[in-house]
Amino acid sequence: VNWDRTSNLIAVGLVGICFVLALGKVLFRDVAPRTEDGRSGVTIRFAHWQLEGNVQDAFDAIAREYEKLHPNVRVIQMRIPERIYPIWLTTQLVGETAPDLVQIGIGMTTDKLARFFIPLTTEVAKPNPYNAGTPLADVPWQSTFVDGMKGGNCFSTDLLEYYGIPTTMFTIRIYYNRDLLRQITGSDTPPATYRELKKLCEKTEAFRTPRGDRITPIAGSKYNAPFIIGRLFSSLTMNLRQEQDILLNGDPTPEDVALSFLHGRWSLRHPAVTQGYALQRALGQHMQTGFLQLSREDATFRFVQGRALMIASGAWDASSLIGQAPFSVGIIRIPYPTPADPEFGSLIRGPETEAATDTGASFGLARASKNPDVALDFLHFLSSQSSNRLFVEKSNWLPAVVGVDPAPGMEAFSPLLDGYVGGINFSPSVFPDTARTLNNSLNELLASTGSVDAYLNRIEPSFRRFLLQDLRLGVEKRIANIRRFDTPIATRRLILLQDTDQDRLRRQYERMLESQTTQESQTYWLDYQLKELTAHGQTH
Amino acid sequence: LQKDRPRLCGIDFDARCKRIGFLHTGMTTLSVRILRLFLPFWAVTVVSASTPPPDFLDAAAKFQSNEALALLEKSTLGDPVFRDLSRALILLNVQPKTEGNISRSAALLESVAATVPGTDQAALALYHLARIEEVHRKVPDRARAVERYETLLRLHPGSREAEIGFVKMANILLYSQATPDERRAQFARFEETGRTLAFPPARRSFHMSMADAYARHGFPAESSLRHLLAFVSVPLEEKRDIAPVLYRIARLSEATGNPVQAALFYNRLIDEYPRDNRVFEARQRLATLGGKKR
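In order, the protein sequences belong to chains A and B.
Under the numbering used here, the letters of the first sequence match residues 1 to 540, in that order.
Under the numbering used here, the letters of the second sequence match residues 541 to 834, in that order.
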């Protein structure tokens, strides 16, 4: 026996067997995708920053329902704290590791939307298949939402495309401790008007618990207080704002209201303004001392621990507050002064409308999704009438879909439709320096030693200057934005010159052109007015 | 002679023709020269007929000008006019925005307008030369922009660029310093030219700009109302939020003593935009007019 030859043959044979086995393994390997837990199928991830109360359970319930319908799909929810969400999302998007569905809003820019998200414009024009058998069966997906997808970051006004699908909507309300209310007033009836609210606050101030503790009437913080005092100021300045409506469109721009001020058509000493601040002071007095330095958590703890009777916040806090509070939580609309109010009545038009309340908590479809069709299908499911109903039941949040009622007890969150367009508001997004001046001096108004006069004396000297500064900055920003549109508009035109059949592109081109031209008209008007003011020495 | 011989797409036609004994050298030289004159038009036609939008245009359309420029540099798309025009339009928004890029863009646009006069490309180039003066220069020169728009209107009357350029020019002039007489004359001139507009976005933008300008300059409500009614009469291909316009028409109709028209537009607002913030107010105004909500 030639041992060498035999061993060589054995070796070659072994190599051959290994090769055949490897080949077989490759040829017959299971190419079907697997979920994270090893089952065959696909995994869909969706990320959001809504850590409040039962929202996670609500999303989970919907995900499990979807998995029942589609056993080959696993749906995973990713909850990312709001504070780190923008940085986390940017990293995921740039690294192409973003989840399939991503909540859009915080930290989102036009550039990120265009680069990392799939437009849903064509999809939202078709009915949602999961609405089959409901009155919404043949309704375009877009029209199945209460606001027609106008808000909630669903539509990009820059890109003229739909990117987000909403799940809820938010209104601002006052939450109150029912048990404490009963102890303080001997009744279950919450206040319905400003006068009743004021009386309740005074009663609460005088109240002592069996241990002799004081109760704060309204838990305030730099986050929560503006929800209530800002709205009260707005309620008194509705008429004043409408008087500045030179276009008669019923909703004058903040810039037009500011220009009107600069032209001397109204002043900080106008009764609506002074009374508005007086109203803010009257209610701010019933919040805890130093509340302007406190955070959202401080105010929430105070309320949940039963040390405050009321707190103002959005519907997004409903599940947290109701879930965490060891007492029964009631919800009321912010009580405004009525026209019969002896102090403020003459300046009141009526309640502020919430008809145009936007939807929110919207999800976009990431380009990085490995299974965009499945992700889109889940998005359809998530926003169907039945899923939204389940979401509302589990989360106590408001519905975003037409025909879905708020959960029992949550009716008070429904938007108020019969009301007037709000009053004057120097929002930080339009008037950053002016808003900072107003806020930094609030202690002069709200401190126990403060007064409306002291506040106005503090802000008046610089108010005009900051308003002008903000308007000038606004003009610069607007022109920068107008410039940005030239290339996208022109490239659409170039493409259309090559191929005139691109109907969708043509409509986008025309809308962008119109929107840019309208913006220019408004910007040149502002610029012209600012120059007029300078020419007439009205800048100081 | 060899050096002077023209080539088309790198092919020496004279040499080839000689080789096959087809035509006299002088004849082919002339033919090629004529052909070369038409090359830009031919190339644009061929490119437009046969290729999908290039990736650099796609990127530029998504506000990604820097990426678009990089893609354009890599692209082998042959037509020089198309490339120059694309480069010029992309350069307008390349970051960081520099005066150098804007000047390069302007030079390219001038070249395109001179190379293919009378074409849509030339109109687009002239329009953007005006836009450069209007908004892109570090120190915008709106008076120069108006001159550029006037040139565009003169050279390309009836083109889309000229029509929208006219509205942009009107916006500049309506908000520049003028005596009351000058202002009235401006409005009269714009009214006249505005009647000739055919491009729907230009017509809508024109009517909206005029309605706003009349109101802002304190002209009688009828002037604004007329333009707003003209605005809503231009057909829309898709639903848009025109609730503010409907409310405005209703209010102006009320102010000019036309309650029937006011009621009509309040009703339209209530029916078409039930979740608009103005609906409650519209209902109340409708009630005072004695009109019934349908």
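Derived from the structure by calculation, the hints contain no laboratory data.
Treat the hints with caution; some may be incorrect.
Unchecked claim - Each pair of labels, with its calculated beta carbon distance range:
no.	chain 1	residue 1	chain 2	residue 2	range
1	B	Ser615	A	Asp501	34 to 42 Å
2	B	Asn606	A	Arg265	13 to 21 Å
3	B	Ser615	A	Gly403	48 to 56 Å
4	B	Lys614	A	Phe301	35 to 43 Å
5	B	Ala683	A	Leu497	27 to 35 Å
To be verified - Heads up, simulated EDC-like pairs for lysine to aspartate or glutamate below, C-alpha to C-alpha not over 16 Å straight-line:
no.	chain 1	residue 1	chain 2	residue 2
6	A	Lys370	A	Glu96
7	B	Lys678	A	Glu96
8	A	Lys112	B	Asp781
9	B	Lys779	A	Glu96
10	A	Lys531	B	Glu812
11	A	Lys126	B	Glu778
12	B	Lys637	A	Glu96
13	A	Lys150	A	Glu161
14	A	Lys150	B	Glu607
15	A	Lys477	B	Glu690
In this text the structure is predicted, and so the values were computed from the model without any measurement.
Ideal Cβ placement from N, Cα and C applies to all residues, glycine included.
Taking the hints in turn, this is what the structure says about them:
Between Ser615(B) and Asp501(A) the beta carbons are some 23 Å apart, a value that contradicts the proposed interval 34 to 42 Å. A beta carbon spacing of about 46 Å between Asn606(B) and Arg265(A) contradicts the range 13 to 21 Å that was offered as a hint. The given range of 48 to 56 Å is respected by Ser615(B) and Gly403(A), whose C-beta atoms sit roughly 51 Å from each other. Between Lys614(B) and Phe301(A) the beta carbon distance is about 58 Å. The supplied range of 35 to 43 Å is therefore violated.
Range check, Ala683(B) to Leu497(A): about 30 Å between beta-carbon atoms, so the 27 to 35 Å window is met. For a cut-off of 16 Å, the pair hint linking Lys370(A) to Glu96(A) stands: about 10 Å separates their Cα positions. A distance of roughly 37 Å separates the Cα atoms of Lys678(B) and Glu96(A); the hinted pair therefore is violated under the 16 Å criterion. For the hint linking Lys112(A) to Asp781(B), the alpha-carbon distance of about 26 Å lies beyond 16 Å, and the restraint is violated.
Distance hint between Lys779(B) and Glu96(A) is unfulfilled; the C-alpha atoms sit about 35 Å from each other, more than 16 Å. Distance hint between Lys531(A) and Glu812(B) is unfulfilled; the C-alpha atoms sit about 39 Å from each other, more than 16 Å. In summary, the hint linking Lys126(A) to Glu778(B) is supported, as the alpha carbons are separated by about 14 Å, within the 16 Å threshold. Of the pairs offered as hints, the one joining Lys637(B) and Glu96(A) is violated, with about 28 Å between alpha carbons and a cut-off of 16 Å exceeded.
Between Lys150(A) and Glu161(A) the alpha-carbon distance is near 12 Å, which keeps this suggested pair within the 16 Å criterion. As the CA atoms of Lys150(A) and Glu607(B) are separated by approximately 30 Å, the hinted pair breaks the 16 Å bound. For a cut-off of 16 Å, the pair hint linking Lys477(A) to Glu690(B) is broken: about 27 Å separates their Cα positions.
Consistency note: the structure conflicts with the earlier hints numbered 1, 2, 4, 7, 8, 9, 10, 12, 14, 15.
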